[in-house]
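Peer 1: Protein chains in written order, with the working numbering: chain A, 1 to 781; chain B, 1 to 144.
Keep in mind that a hint or two might mislead.
For lysine-lysine, the following DSS-like pairs were computed, each having C-alpha atoms within a straight-line distance of at most 27 Å [said to hold, decoys possible]:
hint	chain 1	residue 1	chain 2	residue 2
1	A	K405	A	K317
2	B	K59	A	K313
3	A	K337	B	K59
4	A	K371	A	K496
Which stretches of chain A does chain B cover? Using the computed rule of at least three CB atoms under 8 Å from a CB of chain B, they are [stated by the list, open to error]:
hint	segment
5	327-335
6	460-469
7	519-526
Hints are computed from structural coordinates only; laboratory data are not their basis. Beta carbons: idealized from backbone N, C-alpha and C, even for Gly.
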Amino acid sequence: MDDLLADFVAETREMLQAIEGEIVAWEADPADRERLDAIFRFVHTVKGNCGFFDFPRLEKLSHAAESALSEVRAGRRRASSALVTAVLAVIDRITDMIDAIDAGEGLPEGGDDILIAALEPSRDEPDSETIQAGEQAGPRAARTGNTRSIRLPVELLDRVMSGVSDMVLARNELARRLRDHGADPALQGPFERLSTILDEVREGATRMRMQRLEHLFGALPRMVRDLSAELGKQVMIDLEGGDVELDREMIESVRDPLTHILRNAVDHGIEPPAQRLAAGKREIGIITVSARRTGNRIIVAVSDDGRGIALDKLADKAVAAGVASAADVAAMTGEEKLDLIFAPGLSTADTVSQVSGRGVGMDVVRANVEKFGGSVSVSSKESRGTIVFLHLPLTLSIVEGLTVKVGAHTLGLPRSYIVEIARSVSRSVEADRIGDGIFLTFRGERVPCLDLAEVLGLEQEVDLERATFVFLRLVSGDLFALAVDRVLDNEDFVLKPLPPALEAIGLYGGTALLDDGKPILKIDVPGLAEAYGLASHTRIRTAVQERSAEQPAAPAEHAVVFTSFAGRKRAIRMAPIRHIHTLPVSAIEPTEGGMLATVDGTILPLLGTEGRTLANDTITALRLGDGEVELLYAVAGIVDSIELPGPVVPLEGDEMLEGTALIDGVIVGVIDAHGLFARHGRAALPAQRPTCRLPSSDPWVASFLEPLIRSAGYDVLGDGDGRAADITVTLDAVEESNAATAVVRLRSRAEGTEHGPGSIYRYDRDGLLSALARARSGARR
Amino acid sequence: MSSLLLLTRIGGRPAAFRAEDISSIVELTEIAPVPRAPNFIAGLAGLRSRALTVIDSRKALALPGSPEAPDVRAPVVEVGSHAYALLVDRVDDVVAAVGEPTLPPATLGPAWARVARGMIETAAGPAVLVDVAALIAGPHRAAA
């Protein structure tokens with residue numbers, strides 16, 4: 001019986017969630033038969049179920065709603081807003097009762113009769129008036145069909161998840177051993193397959209924890225409806241992207257911030273109908289909530305077509321509230337002024353209303369969103385509207401981060417706080433110990449710095465001469481730096497909560513296992529800043545100073561961002577990229593020394609496959625050239641071409657990488673092109689062999705000179721060859737040959753310069769080769 | 001009713017854990033120390049996809065010294081959905097309890113009394129039956 005009851009509660013709750021949006025949509029369009037049917041079905045099901053469980057009050061309520069709705073269905077009654085309100089009230093009461101049943105409490109007393117009476121047609125609502133039914137509404141988009149589903153305890157899902165994570169770790173370990181032992185191809189194939197399947201399983205397991213945003217969206221229309229009714233406004237809500245999936249826990253965490261933003265939009269954004277008409281807008285304001293997924297982030301945008309944010313008014317308020325000085329504000333750009341909306345204690349509303357109230361402002365929204373690794377941004381046009389963007393990570397439990405080394409310890413820093421990384425040796429940072437503290441001078445700004453070794457109570461301080469500084473910006477806007485010995489790598493941390501004894505230290509925000517199964521601790525950045533008094537509670541000053549302190553920008557360097565075969569995001573400078581090829585796999589040949597590929601009739605080394613088997617028929621490869629030598633770099637996909645923001649920070653531990661750069665808030669490894677050519681360029685053949693014309697009539701030339709010239713990397717053209725040569729070699733030539741090409745003149749005798757001062761003795765091998773090289777570079781110029 | 005016990009030695013003394021408290025026994029190869037952690041926390045160790053908090057049982061009992069050759073095997077317990085590995089001098093055996101636990105005698109000393117559920121007779125002699133939650137709370141809790 002208990003099980004049945006629990007199922008009843010769960011099922012009813014699920015239906016309640018689904019139904020909320022339907023009701024408001026139905027009110028907006030009473031002729032929408034489909035929605036009416038959905039609501040009718042709900043009350044009907046509830047009525048049937050609670051008869052079975054003997055909840056007479058619940059039954060009576062749902063029965064009353066059912067009869068009222070069936071009148072509407074039969075066309076005998078109109079879905080007036082009074083009726084919708086009454087049905088909503090009944091559904092609210094049902095929700096309360098379900099909660100009470102679930103908690104095992106008595107049902108809330110009384111008031112049912114009033115609700116039931118409200119369902120009766122009132123006098124000013126002519127119940128004879130029939131509605132033109134369905135036809136006018138036109139066909140609706142097909143509803144999402146009922147997918148077959150089962151109910152599972154979250155605990156079981158978690159167990160499956162952790163099992164899959166275990167498998168991934170075991171796989172990584174196995175992959176490492178296979179590599180170390182020089183894998184047997186007979187093992188490699190099945191292993192690759194296993195690995196691919198495991199990745200799929202992992203993705204599936206991750207998706208099991210996902211929920212469609214619909215679950216969150218469901219409650220929004222109702223909320224907006226109630227709010228706008230209360231405020232005497234007319235607002236329509238438009239929801240897009242309900243099929244976007246998000247981690248269950250994330251959906252719960254985003255509920256409050258989203259609700260708050262919506263309240264703001266209705267309360268402060270959308271104008272009263274009269275004002276809207278006067279401004280030449282439609283009476284009904286429109287709020288759009290849309291969600292979309294980009295990469296591993298979800299962006300939820302809440303846009304309204306209301307009055308927008310008046311920047312000057314906002315700035316004045318900021319000054320009045322003491323958040324910023326008048327001088328600060330005067331120096332701000334529009335964007336910075338808009339950012340003031342996140343300052344604590346600021347509200348754009350003139351009057352404090354009951355709805356958005358006072359106290360909880362956008363600063364709290366931002367703080368809450370950033371707490372789970374998201375971010376908030378606003379864009380607004382005065383009198384046109386406002387858009388608030390919520391950028392959310394896909395899951396709560398995976399945090400992008402950076403591993404750093406201090407002494408013998410490896411620790412994790414969450415990426416969301418990191419704004420920049422600089423090394424002491426780069427001389428862009430000056431570090432001074434002042435008093436007990438450390439201060440950095442970086443880009444003309446003085447930044448407080450904590451020695452992470454000191455913070456952790458290690459014996460050995462970080463050597464400031466050789467340290468790497470990680471600059472962190474807090475939600476409050478305060479900037480500080482952490483001095484660490486080394487920056488190791490970016491990793492995705494799968495965070496697990498800390499046991500109480502470790503949490504009590506106040507330094508750590510969770511544990512995570514690295515790819516190799518080693519546990520590390522994630523530093524709790526806000527907690528750390530708080531403990532050392534680095535977090536102030538205003539955020540404006542730094543933003544302004546930052547701008548004025550900015551150095552004149554160096555000419556931007558461009559780079560291509562791509563996904564490597566190992567699935568990592570990488571960047572490579574634009575300069576060496578000659579071409580992007582799509583190569584058939586048949587053009588690729590694995591050899592002892594690495595992969596080779598044929599492109600446009602030349603054979604080039606193919607790098608970047610990282611030992612992976614090529615699964616597709618074609619691969620994308622970047623053709624890189626240093627002017628002399630070319631090679632191919634395989635990529636799994638091109639992401640974008642961008643301007644490299646800021647300097648590339650050197651990174652140790654990965655010889656393929658020149659360093660890391662912060663691109664769109666993500667730390668991206670930058671491929672060391674110089675290193676690539678240094679290691680592999682030797683094996684590569686010059687892109688196009690230069691040509692050299694030789695006097696073929698001379699037998700010495702044919703038997704001695706020609707092989708030498710060929711081995712030096714030239715194609716030899718005979719006298720009769722009509723093609724233009726890069727270089728012409730003459731032997732004991734009397735007359736001046738074609739002056740358009742570079743000429744290297746040889747003489748047969750060791751001494752004597754009768755054939756001009758520039759001639760070279762024919763057995764002066766070094767002289768000949770260097771003359772060729774000189775001539776060639778001259779020819780190319 | 002005879003229940004199973006995991007018999008260990010902590011600080012040279014017999015200490016028994018109820019078998020149902022122990023989720024597994026692992027071999028600890030590498031323990032990453034945690035800076036600024038209380039001293040009875042030896043560090044973290046990775047067990048498959050979980051991080052174990054490693055508790056030095058001697059220090060958790062505020063006992064002096066350290067075992068000459070500590071056992072690499074450590075019982076894993078779960079308290080409040082966190083997993084802990086317990087460093088003990090030695091993991092001896094799984095034995096059957098003889099009879100019910102009795103109240104700990106007053107002569108156990110304050111450190112042991114804090115973590116004792118009682119005394120238990122086993123085939124291998126009497127042992128202190130350890131309350132896992134009290135053990136991993138460390139010696140500071142007792143002082144507070």
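Peer 1: Please go over all the hints and tell whether each is borne out by the structure.
Peer 2: Now for the hints, and whether the structure bears them out:
The suggested pairing of A:K405 with A:K317 is violated, with an alpha-carbon distance near 45 Å, which exceeds 27 Å. With a C-alpha separation of about 62 Å, the suggested pair B:K59 and A:K313 falls outside the 27 Å cut-off, and the hint is violated. Our distance criterion of 27 Å between C-alpha atoms is broken by A:K337 and B:K59, whose separation comes to about 56 Å. Taking the CA atoms of A:K371 and A:K496, the gap is about 15 Å. The hint holds against a cut of 27 Å.
Using a Cβ-Cβ cut-off of 8 Å, 0 residues of the segment 327-335 of chain A lie near chain B, which falls short of the minimum of three, so the contact claim is violated. As drawn, the segment 460-469 of chain A meets chain B at 0 residues by the rule of a beta-carbon pair under 8 Å; below three, the given contact is violated. Restraint check on the segment 519-526 of chain A versus chain B: 3 residues with Cβ-Cβ distances below 8 Å, three needed, restraint holds.
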